[in-house]
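Chain order of the listed sequences is A and B.
Each residue of the first sequence is one higher than the last, beginning at 1 in the working numbering.
Each residue of the second sequence is one higher than the last, beginning at 1 in the working numbering.
These are calculated hints, taken from the structure and not from any lab test.
All values reported here derive from a predicted model rather than from experimental measurement.
Among the clues, some could well be false.
Restricting the straight-line Cα-Cα distance to at most 20 Å, the calculated cross-link-like pairs of lysine to aspartate or glutamate (EDC-like) are [as the list claims (entries may be wrong)]:
(1) A:Lys-96 with B:Glu-52
(2) A:Lys-53 with B:Asp-100
(3) A:Lys-68 with A:Asp-81
(4) A:Lys-68 with B:Glu-96
(5) A:Lys-54 with B:Asp-107
(6) A:Lys-96 with B:Glu-82
(7) A:Lys-55 with B:Glu-52
(8) A:Lys-53 with B:Glu-96
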Amino acid sequence: KNEVEQSPQNLTAQEGEFITINCSYSVGISALHWLQQHPGGGIVSLFMLSSGKKKHGRLIATINIQEKHSSLHITASHPRDSAVYICAAVTGTASKLTFGTGTRLQVTL
Amino acid sequence: KAGVTQTPRYLIKTRGQQVTLSCSPISGHRSVSWYQQTPGQGLQFLFEYFSETQRNKGNFPGRFSGRQFSNSRSEMNVSTLELGDSALYLCASSLEPGFDQPQHFGDGTRLSIL
Numbered sequence: 001k002n003e004v005e006q007s008p009q010n011l012t013a014q015e016g017e018f019i020t021i022n023c024s025y026s027v028g029i030s031a032l033h034w035l036q037q038h039p040g041g042g043i044v045s046l047f048m049l050s051s052g053k054k055k056h057g058r059l060i061a062t063i064n065i066q067e068k069h070s071s072l073h074i075t076a077s078h079p080r081d082s083a084v085y086i087c088a089a090v091t092g093t094a095s096k097l098t099f100g101t102g103t104r105l106q107v108t109l
Numbered sequence: 001k002a003g004v005t006q007t008p009r010y011l012i013k014t015r016g017q018q019v020t021l022s023c024s025p026i027s028g029h030r031s032v033s034w035y036q037q038t039p040g041q042g043l044q045f046l047f048e049y050f051s052e053t054q055r056n057k058g059n060f061p062g063r064f065s066g067r068q069f070s071n072s073r074s075e076m077n078v079s080t081l082e083l084g085d086s087a088l089y090l091c092a093s094s095l096e097p098g099f100d101q102p103q104h105f106g107d108g109t110r111l112s113i114l
């Protein structure tokens with residue numbers, strides 16, 4: 001079993017829908033990153049959080065350290081949100097980064 | 001401010017050769033980390049450098065090595081290439097070492113082994 005699990009693996013939504021991507025981890029962490037990867041490979045860091053909730057535009061990330069769970073929400077989804085979303089857990093003394101397997105999101109018109 | 005720059009973007013090599021990839025961090029960033037991404041294994045951490053010293057290393061064979069220069073630019077080298085080394089290699093930079101701070105990724109080098 002992977003230390004960091006994401007669900008769902010694939011997600012198709014229609015434009016305007018509310019989207020939730022989940023990330024759970026089995027080890028203690030000090031922080032968690034949410035990353036976005038578009039076709040072509042480049043990765044953009046969306047959030048880094050260690051508690052509570054963060055919001056940027058239509059994106060919201062939450063984390064519950066006790067329950068070992070984080071979610072990424074996209075409100076009013078748009079085709080340009082189509083990408084792979086990856087969570088990454090920071091473990092050790094901030095010395096190790098373990099990645100989830102990614103969620104491939106496709107938003108259609 | 002320029003982002004993280006990786007060169008080359010694409011590379012084709014044959015088995016047994018060696019390859020060197022380059023990563024220039026964002027100006028002022030002193031920490032550089034490297035990652036391998038394959039369809040089968042996903043993203044995996046290779047190593048982290050700070051002040052020209054390797055701080056951490058992932059679970060990869062000794063054929064994978066790296067270094068960091070005094071200007072924070074980093075290179076990684078893979079020797080005796082194998083078919084399984086075909087992957088997207090990404091680097092990321094941050095102001096300070098450790099992963100409990102924002103990471104800024106480059107666009108990657110796509111390495112194909114024939």
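Results of checking the hints against the structure:
1. A:Lys-96 with B:Glu-52: Satisfied, since the Cα-Cα distance of roughly 19 Å is no more than 20 Å.
2. A:Lys-53 with B:Asp-100: holds (16 Å)
3. A:Lys-68 with A:Asp-81: Status violated; Cα separation ~26 Å.
4. A:Lys-68 with B:Glu-96: violated (26 Å)
5. A:Lys-54 with B:Asp-107: violated (25 Å)
6. A:Lys-96 with B:Glu-82: Given that 20 Å is the threshold and the Cα spacing comes to 26 Å, the pair is violated.
7. A:Lys-55 with B:Glu-52: This hinted pair is violated, its Cα atoms lying about 36 Å apart.
8. A:Lys-53 with B:Glu-96: Violated, at about 24 Å.
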